[in-house]
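Chains as they are written, first to last, in this note's numbering: chain A, 7 to 250; chain B, 673 to 986.
Incorrect hints may appear among the rest.
[As the list claims (entries may be wrong)] Reference listing, derived: stretches of chain B covered by chain A, where coverage requires no fewer than 3 residues with Cβ under 8 Å from a Cβ of chain A:
#1 712 to 726
#2 747 to 755
#3 920 to 928
[Stated by the list, open to error] Pairs of lysine to aspartate or glutamate residues, derived as EDC-like cross-links and limited to a Cα-Cα distance of at most 16 Å, are as follows:
#4 LYS855(B) x ASP825(B)
#5 LYS15(A) x ASP775(B)
#6 LYS248(A) x GLU756(B)
#7 LYS15(A) x ASP763(B)
#8 LYS84(A) x GLU756(B)
#9 LYS843(B) x ASP825(B)
#10 LYS855(B) x GLU977(B)
#11 LYS855(B) x GLU703(B)
#12 LYS945(B) x ASP913(B)
#13 LYS15(A) x GLU768(B)
#14 LYS959(B) x GLU898(B)
#15 LYS914(B) x GLU962(B)
#16 LYS857(B) x GLU703(B)
#17 LYS857(B) x ASP825(B)
#18 LYS84(A) x GLU798(B)
#19 LYS784(B) x GLU768(B)
#20 LYS84(A) x GLU762(B)
#21 LYS810(B) x ASP775(B)
#22 LYS810(B) x GLU746(B)
Treat the hints as calculated values from the structure; they're not laboratory data.
If you're wondering where the values come from, they're calculated on a predicted model, not measured in any experiment.
All residues carry an ideal CB built from backbone N, CA and C; glycine is no exception.
Below are the chains, spelled out letter by letter.
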Amino acid sequence: MGTSWAISKRELRAYFTTPLAYVFIVIFLALNGVTAFYFGGLFDRGQADMQPLFGFLPWLYLFLIPAIAMRLWAEERKAGTLELLMTLPVSTFNAVFGKFLAAWIFAGIALALTFPVWITVNYLGDPDNGVIIASYLGGFLMAGSYLAIGGFVSSMTRNQVIAFVIGAAVIFLFMMSGLELVQSAFRGWAPDLVVDLVRSFSFLVHYDAIIRGVIDIRDMIFFVSIIGVFLFATMVVVDLKKGA
Amino acid sequence: MDRMLQIEGLTKQFSSFTAVDNISFSVNRGEVLGFLGPNGAGKTTAMRMVSGFLTPTSGTAYVGGYDVTTAPLEVKRRIGYLPEGAPLYEDMTPSELLAFISDVRGLSGAVKREAISTAASRINIEHVMHQAIGTLSKGYKRRVGIAQAILHDPEILILDEPTDGLDPNQKHEVRKLINEMAKDKAIVISTHLLDEVDTVCSRAIVIAQGKIVADGTPADLESRSELHNAVTLRLVASQADKAKGTIEAVASVDRVIELTREGDFANLTAYPKSGQVVIDEVSAALKTAEIDVLEIQAERGRLDEVFRRLTTAA
């Protein structure tokens with residue numbers, strides 16, 4: 007665990023010694039502001055809650071999270087530092103988990119910096135803070151699953167642009183699997199069981215439940231499982247493709 | 673002898689191409705093994721397997737009794753490794769990088785500070801410790817890479833082209849450092865600089881197309897040279913033809929070649945038959961024929977010639 011943390015610290019430092027962290031955080035907060043206040047009408051709708059912000063979050067994450075995840079492995083592969091890292095006494099699990107953890111912490115920091123909105127709605131009205139806390143947790147878990155998927159795609163290439171595009175596309179499929187677009191494609195021919203199974207993989211279905219304040223342990227388990235499965239897949243790819 | 677690193681039947685295949693083909697050797701404490709071979713011969717692939725980066729197709733390497741295929745972490749703890757091209761995190765400073773390596777290797781507190789300052793001073797990078805690695809010259813990057821490999825004072829050092837990109841002074845420094853560390857470690861360096869083999873290595877292995885084609889001390893390899901025990905002499909040009917005839921008459925001399933004729937002087941080389949020592953007979957014959965020799969020397973043999981012959985024969 008100590009080595010995972012050493013790797014996380016190094017990664018986090020890399021975010022903040024390059025412009026990456028600052029650019030990401032500024033753009034993330036600006037877009038959050040635009041979507042929540044302008045499109046979501048956070049003030050105009052006259053309700054003291056953060057639905058407008060959290061409602062748009064999956065869509066912001068769709069292209070911002072792959073931007074963090076794309077560098078996780080592709081950059082190391084391209085720079086050759088993967089060889090440096092993987093010849094240190096570090097297990098593949100420690101390396102994969104340490105890198106993921108750093109990216110997740112960083113996404114968490116960016117999400118936490120939306121706190122002025124939380125203060126504002128509390129100042130203006132009397133929101134259900136339980137729902138808001140659940141929404142933050144839901145947003146954080148969703149960021150984690152996006153990162154696990156994006157990191158997995160990044161581990162398969164040395165090209166960050168490819169990692170970004172494919173990562174975003176895979177995440178998009180997972181998001182949409184609960185929506186009519188994807189569901190209707192299955193409903194015509196597949197048995198209900200399969201349609202429901204596809205629906206159960208949808209990020210939006212699980213996330214919407216959480217941000218409406220319905221905290222069901224199954225929704226939490228869903229996100230944690232997605233993270234687990236994709237981290238495991240990343241470990242397999244890193245092991246297999248080290249020399250490539 | 674203390675056997676530190678043992679390699680058994682190491683093989684790596686990439687689809688249908690065999691990069692490393694069943695190589696076996698061992699390295700003892702106090703040895704500096706030069707791993708020679710032309711580019712693409714499999715040196716880097718072999719080193720990557722020993723360091724635990726690549727998984728061998730078959731065979732394995734043992735370090736301190738641990739098998740790299742079954743106990744990779746134990747092996748990695750005991751090895752200091754400089755990958756080819758010294759890849760480093762360029763956005764970090766050497767100080768940050770060495771701190772990170774210490775953390776991963778489980779060094780902390782005073783031990784960590786001591787390890788970092790020792791490695792930095794040994795490799796002479798103290799004055800660039802707080803500059804981003806990406807801004808350093810190639811020579812400094814290489815040295816930071818070596819500092820990273822020796823940080824935990826490993827018993828086994830594997831350095832892939834440690835002096836590549838260094839200027840002659842820096843090369844000298846690194847070779848001196850390797851010689852200093854050689855006493856209580858087993859060191860494997862890959863190189864295609866043949867003078868490095870002479871100055872640093874106590875033993876050399878030549879590989880070509882994934883196979884070991886020679887294994888011996890640098891002197892052993894030199895003795896395989898056609899030039900081994902040949903005699904080169906310098907004399908006045910007007911006597912060159914007479915000298916040539918005289919030396920060719922010596923029974924143990926195979927042939928004489930005139931190397932150069934520059935103005936009033938000529939240089940000749942006499943190749944012996946099957947590596948015999950001929951210098952005494954040659955100089956005696958010349959004295960009898962009353963030919964004045966300005967310089968005469970016996971050749972040790974030339975590594976580059978041996979290298980070329982070994983690695984192109986197959």
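Results of checking the hints against the structure:
| no. | hint | in the structure |
| --- | --- | --- |
| 1 | 712 to 726 | holds (count 6) |
| 2 | 747 to 755 | holds (count 5) |
| 3 | 920 to 928 | violated (count 0) |
| 4 | LYS855(B) x ASP825(B) | holds (13 Å) |
| 5 | LYS15(A) x ASP775(B) | holds (10 Å) |
| 6 | LYS248(A) x GLU756(B) | holds (15 Å) |
| 7 | LYS15(A) x ASP763(B) | holds (14 Å) |
| 8 | LYS84(A) x GLU756(B) | holds (14 Å) |
| 9 | LYS843(B) x ASP825(B) | violated (21 Å) |
| 10 | LYS855(B) x GLU977(B) | violated (30 Å) |
| 11 | LYS855(B) x GLU703(B) | holds (8 Å) |
| 12 | LYS945(B) x ASP913(B) | violated (21 Å) |
| 13 | LYS15(A) x GLU768(B) | holds (11 Å) |
| 14 | LYS959(B) x GLU898(B) | violated (26 Å) |
| 15 | LYS914(B) x GLU962(B) | holds (10 Å) |
| 16 | LYS857(B) x GLU703(B) | holds (7 Å) |
| 17 | LYS857(B) x ASP825(B) | holds (9 Å) |
| 18 | LYS84(A) x GLU798(B) | violated (28 Å) |
| 19 | LYS784(B) x GLU768(B) | holds (12 Å) |
| 20 | LYS84(A) x GLU762(B) | holds (12 Å) |
| 21 | LYS810(B) x ASP775(B) | violated (26 Å) |
| 22 | LYS810(B) x GLU746(B) | violated (31 Å) |
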